[in-house]
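Protein chains in written order, with this note's numbering: chain A, 8 to 399; chain B, 47 to 543; chain C, 20 to 308.
For the record, the hints were derived by calculation from the structure and aren't laboratory data.
Note that beta-carbon positions come from the ideal geometry of N, C-alpha and C, so glycine has one too.
Possibly wrong hints are sitting among the right ones.
Computed cross-link-like contacts, BS3-like style, restricted to lysine-lysine with a CA-CA straight-line distance of at most 30 Å [as the list claims (entries may be wrong)]: (1) B:K214 to B:K152; (2) A:K287 to C:K130; (3) C:K140 to C:K130; (4) B:K214 to A:K199.
Here are a few chain C residues that face chain A, going by a calculated C-beta distance under 10 Å [what the hints assert, rightly or not]: (5) R123; (6) T169; (7) A174; (8) G178; (9) A221; (10) P224; (11) R279; (12) A281; (13) D285; (14) R294.
Just some of the chain A residues that point at chain B, by a computed CB distance under 8 Å [unchecked claim]: (15) R76; (16) N78; (17) A273; (18) L275; (19) V337; (20) L345; (21) G350; (22) L356; (23) A381.
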Amino acid sequence: MTTTGTGGVLAVIRGGMPAGALDARRIAGTLDQPGCARRQILDAAAIPIERLATLLGCPSGQSPFAIIRGNVFEQRVFDNGMAELIALVREHLDHDLTAVDQVDLSCDQLTEAYGRADNNLRVAETRRHLSAMLSGDPSGRHLLRHPMTTLDVGGVTAYLEADAFSFVHGGQLTTVEVKSFAAIDGVPDPPKSAAALTQAAVYIASLQDTITDLGFDPSRVSTRVLLILPRDFSLTPAGFVRDIAPTVRRLRRRLAALPATTALVAALPVGLSLPALPSKQATEDEREHARRAAAGTVSAMPRRFRDGCISCPLFRYCRTEARAADEVTVIGSVGAELCGDVGTVAEVLSLARGARQPTTPAETAVAMHVGRAAAVAARHADPTSRPSLSGA
Amino acid sequence: MDPYLAYQRLVAAETHTAQPVASCRHVHLSTQPLVLCAYHLAGDEGAPVAFLYGRSPDAANLVVVGEPRNRSLRFRMLERLAADVERYLGRFWSRRAVVDDRGRQKYDPDGRPRLLAIDAPQLIVPNSGTADWLTTLARSTIWLRTDGDYPVDAVLPRFGAHLTHLTKRRATGGSANIVAATELLDLHWVTGQTDAEDANLATRLSWIDPNWLEPSWFSAATSVRGLDAIAAARLAEVLPGAGPVPDPTWDVNELEPAVNTYNRAVSAGVDPAAAVEAVTDAAADALAPTWAATWRAIELSRGLPEAASVSRRWELDRQAWTWHIGRVDAERVWFRRFRTAIQSARLLAQSEAAAATLAADMAFDDPLVMARAVADGMAIEGIVIERDDTHRRPGPSARRMVTRPLIRLRPHEDCLQPIGTTLTWSTNTGVELEITNIADDGVVTLTVTAGMRSPLPEVGDDVCLAAFSPPRYYPDTLPTDVPWTHRLPAPPDEGVA
Amino acid sequence: MVSVEIGNKRGCCVAVCIVLTVDEGLQAILDRVNALQCQLAEALVAGDDNAAERLVAELSVVERRRNRLVHRSLSDAPAYNVTMPLRDQVIRALTLLGRPASARLVADVSKARWGEPIPTKRLSSLRRDEQASWEANPGARAAYLTAALTGDRFAPVRGVLALSSWPLDVRILGPASPRVDLLVNLVNLARELAAGYDSDAAWTPALQRLVVRLARTVPTALRDGISESLDTDRIRRASQRELEVLEPTDSEERAAAAKRAANQLDVRHQLFGVRMHVVVGGNANGEPG
Numbered sequence: 008m009t010t011t012g013t014g015g016v017l018a019v020i021r022g023g024m025p026a027g028a029l030d031a032r033r034i035a036g037t038l039d040q041p042g043c044a045r046r047q048i049l050d051a052a053a054i055p056i057e058r059l060a061t062l063l064g065c066p067s068g069q070s071p072f073a074i075i076r077g078n079v080f081e082q083r084v085f086d087n088g089m090a091e092l093i094a095l096v097r098e099h100l101d102h103d104l105t106a107v108d109q110v111d112l113s114c115d116q117l118t119e120a121y122g123r124a125d126n127n128l129r130v131a132e133t134r135r136h137l138s139a140m141l142s143g144d145p146s147g148r149h150l151l152r153h154p155m156t157t158l159d160v161g162g163v164t165a166y167l168e169a170d171a172f173s174f175v176h177g178g179q180l181t182t183v184e185v186k187s188f189a190a191i192d193g194v195p196d197p198p199k200s201a202a203a204l205t206q207a208a209v210y211i212a213s214l215q216d217t218i219t220d221l222g223f224d225p226s227r228v229s230t231r232v233l234l235i236l237p238r239d240f241s242l243t244p245a246g247f248v249r250d251i252a253p254t255v256r257r258l259r260r261r262l263a264a265l266p267a268t269t270a271l272v273a274a275l276p277v278g279l280s281l282p283a284l285p286s287k288q289a290t291e292d293e294r295e296h297a298r299r300a301a302a303g304t305v306s307a308m309p310r311r312f313r314d315g316c317i318s319c320p321l322f323r324y325c326r327t328e329a330r331a332a333d334e335v336t337v338i339g340s341v342g343a344e345l346c347g348d349v350g351t352v353a354e355v356l357s358l359a360r361g362a363r364q365p366t367t368p369a370e371t372a373v374a375m376h377v378g379r380a381a382a383v384a385a386r387h388a389d390p391t392s393r394p395s396l397s398g399a
Numbered sequence: 047m048d049p050y051l052a053y054q055r056l057v058a059a060e061t062h063t064a065q066p067v068a069s070c071r072h073v074h075l076s077t078q079p080l081v082l083c084a085y086h087l088a089g090d091e092g093a094p095v096a097f098l099y100g101r102s103p104d105a106a107n108l109v110v111v112g113e114p115r116n117r118s119l120r121f122r123m124l125e126r127l128a129a130d131v132e133r134y135l136g137r138f139w140s141r142r143a144v145v146d147d148r149g150r151q152k153y154d155p156d157g158r159p160r161l162l163a164i165d166a167p168q169l170i171v172p173n174s175g176t177a178d179w180l181t182t183l184a185r186s187t188i189w190l191r192t193d194g195d196y197p198v199d200a201v202l203p204r205f206g207a208h209l210t211h212l213t214k215r216r217a218t219g220g221s222a223n224i225v226a227a228t229e230l231l232d233l234h235w236v237t238g239q240t241d242a243e244d245a246n247l248a249t250r251l252s253w254i255d256p257n258w259l260e261p262s263w264f265s266a267a268t269s270v271r272g273l274d275a276i277a278a279a280r281l282a283e284v285l286p287g288a289g290p291v292p293d294p295t296w297d298v299n300e301l302e303p304a305v306n307t308y309n310r311a312v313s314a315g316v317d318p319a320a321a322v323e324a325v326t327d328a329a330a331d332a333l334a335p336t337w338a339a340t341w342r343a344i345e346l347s348r349g350l351p352e353a354a355s356v357s358r359r360w361e362l363d364r365q366a367w368t369w370h371i372g373r374v375d376a377e378r379v380w381f382r383r384f385r386t387a388i389q390s391a392r393l394l395a396q397s398e399a400a401a402a403t404l405a406a407d408m409a410f411d412d413p414l415v416m417a418r419a420v421a422d423g424m425a426i427e428g429i430v431i432e433r434d435d436t437h438r439r440p441g442p443s444a445r446r447m448v449t450r451p452l453i454r455l456r457p458h459e460d461c462l463q464p465i466g467t468t469l470t471w472s473t474n475t476g477v478e479l480e481i482t483n484i485a486d487d488g489v490v491t492l493t494v495t496a497g498m499r500s501p502l503p504e505v506g507d508d509v510c511l512a513a514f515s516p517p518r519y520y521p522d523t524l525p526t527d528v529p530w531t532h533r534l535p536a537p538p539d540e541g542v543a
Numbered sequence: 020m021v022s023v024e025i026g027n028k029r030g031c032c033v034a035v036c037i038v039l040t041v042d043e044g045l046q047a048i049l050d051r052v053n054a055l056q057c058q059l060a061e062a063l064v065a066g067d068d069n070a071a072e073r074l075v076a077e078l079s080v081v082e083r084r085r086n087r088l089v090h091r092s093l094s095d096a097p098a099y100n101v102t103m104p105l106r107d108q109v110i111r112a113l114t115l116l117g118r119p120a121s122a123r124l125v126a127d128v129s130k131a132r133w134g135e136p137i138p139t140k141r142l143s144s145l146r147r148d149e150q151a152s153w154e155a156n157p158g159a160r161a162a163y164l165t166a167a168l169t170g171d172r173f174a175p176v177r178g179v180l181a182l183s184s185w186p187l188d189v190r191i192l193g194p195a196s197p198r199v200d201l202l203v204n205l206v207n208l209a210r211e212l213a214a215g216y217d218s219d220a221a222w223t224p225a226l227q228r229l230v231v232r233l234a235r236t237v238p239t240a241l242r243d244g245i246s247e248s249l250d251t252d253r254i255r256r257a258s259q260r261e262l263e264v265l266e267p268t269d270s271e272e273r274a275a276a277a278k279r280a281a282n283q284l285d286v287r288h289q290l291f292g293v294r295m296h297v298v299v300g301g302n303a304n305g306e307p308g
């Protein structure tokens, strides 16, 4: 599963925390927070990041209404022998009438059948079915519900559960992604569908790698995704096909550029470990003790604070750190882009105002660009032009 | 990337105070706006939960629904909102005749007397998320039927039509029919936090006015006075969200229990009007800080003098409103459900043009905005060191010599525009100058190419010359043919009201 | 009837409490709530915010307890005023459907056709009760609720219900069976709806909505325009057309699986399925090591 040494260290880092899942959403998030060692290590160690965030004092969570709606809609799509899904693959992927053979690989169903359903079992079952499908075996299915595949992320294996894969003999394996935000007047909500498609890219990459491992050509995986969304303001499912080959390529490049988690972990102080999460009955002292231990461990992991961080549960924690260090990134990515290696707000402003002479090429560039802005601003700074705060 | 704004952000971060980036107000603010704050269910834009709205800070109406997923209850709530909004819009029905310079009535191409609404409505919402959601709200109400399985009162589709018009105006850019408080603040101040954090009205406001917080929103031990921006923003961060999507923690702790209480009560026979109290209390508490923040943002913006071109842009809004209420009166209001390709192309061109227009207008109206252009290199400021009114150079036909006054300028910063660029004088935009030389010591030589007969910069003046000009006229250069970027293989469906 | 008045102390609330003869537990709770409310009022007047917060929290807990006790003492009527036990409702719905169906569909049919809501959450415990009841006294009832079984390992299919009175090759599912069974269910529902139109029954609009939802997934089953009532013949013909394509293979596979099951399994497992328990150290295929 993981490289023995790294796996051991990651387990130590996880310490008393329960193992969370590294799902497609988090992996897609690496495109949002590229190059953040802190996130990469926490993700690789399977830390439940929302709960860690809550322990560190950052609010986190998902709305129960959104969760319920998501579940209700997904059930609607998959219920009754996947009736709605069958109708949509017939409409959008040209599947013929006979392409209705299905199997349920979800955790619930496998538990019902086997008494347990750990990731390895689900992956094994999925691989068994994929082999049968791709080799043209008559027992091969057309629709896999909640299949599980793996993906290497920085040297660590992630287990990914897609909504469904669909397939016809002679065709390609298509990824199906079910989401509950609406498509109004035939237009899926743009920012949300972009995020959904990025997640789908993760499943596609994982599926490509899996069938390669099984001895099949990865081009048998389609880069088209069937996105299923509620139509307008009802819960009637509608389908949208999108080709996301560029997104898959971008994801693979990003994944390839990830430093080996081994290397990141090796650079950490020895013996870092997260505490167990305080129970509901924990006292204030116990909570504070756990918080301090967690903060110490997290702070030892290098962060990379940027605009995309606002979607990370640890946002406030990292921002507080950046502010305390007077980092130029407190104003966002633009600070990092403009000021490069020049690290603090105070340093940049003193260069810009000519209070200090630049000594490196980076400082010279900053002094020039920001200096011009500072000079113009100084000329226009006029106390009487400051808007008055009426009624303060 | 804008070094001027980045610099101002850094200064704000250093001083823990927002920095002004405008000296006048670039958005029209009505004397009678309608402020509207709203929540809808997370993940379901078609399920509103509550609306808090009104025309003054002390007079807020609240409508809520006990079970947001129940369509009938939803429509009853929306009908009440729609009736109140319609009453507000009814205040803007008066039109007066448009006359020419000699007082004679102007006429439209179709022969009808041209009218202009005396004033037009303005909806002010907390943030752009809410403003965008109004488009969805319009879409979800305009096609509702007054018969069939879920009949609604006719006020709802009318409300949808009004809202469709107003949201379409917003989409074309430069309009002030729908304004987000965050945009109001964004135009005039810069904070020391990230762009992404600025989307939060409460924290952004805290940078500009750290004293806006109400003690009653926090525990007694928390002091809310005498704070700097960072401390105030940290407090503001824990306030309930400004919507339209509530905080997940509020959903878990307040809304879900309240809705469950409502459902249990109603199935036990309690009068729904009493059972809805649980949700009412939760929503009122949650939206109150956002309500206060929106009004405070309006107040702060009103403190700025209005920029010169604001009333011209507002007149466009009034013209569009006049057209809309004319159709309403004639009962001929309809909108396409799907945009045609050419409509999409026009809309894109329109909003791009409007954005460029607005940027130019703002710079010429406001020296502080022009400073951004100077820092960018899109404008230069400097002292006139020489002027030669007798200077001559070859004319356009190259056969005659023509008189073109020459000006030499010592700029405060290096001129980044190349030789040959045409610049506009900010003080008198009729005067245009062309850069003919930039010396090694930075002195810029220019010849006047337009506006020679008007007053020109004097020697010793500190002038500003911009590499862009304010909009002078509005030809319809919008596409009549479908540009290739918008061609589709087959035309989309159209639905008509 | 006893009338109790809690007097007006400085800042304390006035509460007039008309108390019927109630049991001690409930009375004690009511007294506790009153006492807490008075303490709360005192704390607010004295400006003791910490105490006030604590009392509010305590009150909400005690009030919840009070509400539960009151409900319990009010009546012994069950939560749902049903005329028919849950299991019979489910059997009735399944009989109409005719083939294995999801719990959700069973509940929707019960609601649409008979106006009886079925809480799907209770169905899994109902299934366990049915198995226990059969094991205690096999064959005592005409039909038991079971789950459908998978064709490869005869495991119960989660969320799909069947009747024990159905033959094994109907209760066992092949790869295409979920689709085939849905089509058969639709044919049966369409037939029932037609009968409803003929007799002008009150339940036809609700059943019609359900049939529309299912029929949308069958090619040519519905006409494009919206009309008052459905063409149930058209729905049945469309479903039959798809069934013609799918059913032959499906029946074969089911028959083969049923034969295997009859050979390998005892009656109990033929009815309620086999749940393999994989021991630790099993190989990746899920078979015991």
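Quiz prompt | Hints not upheld, ascending by number | solution = Hints 2, 9, 10, 11, 12, 13, 16, 17, 18, 21 not satisfied by this model.
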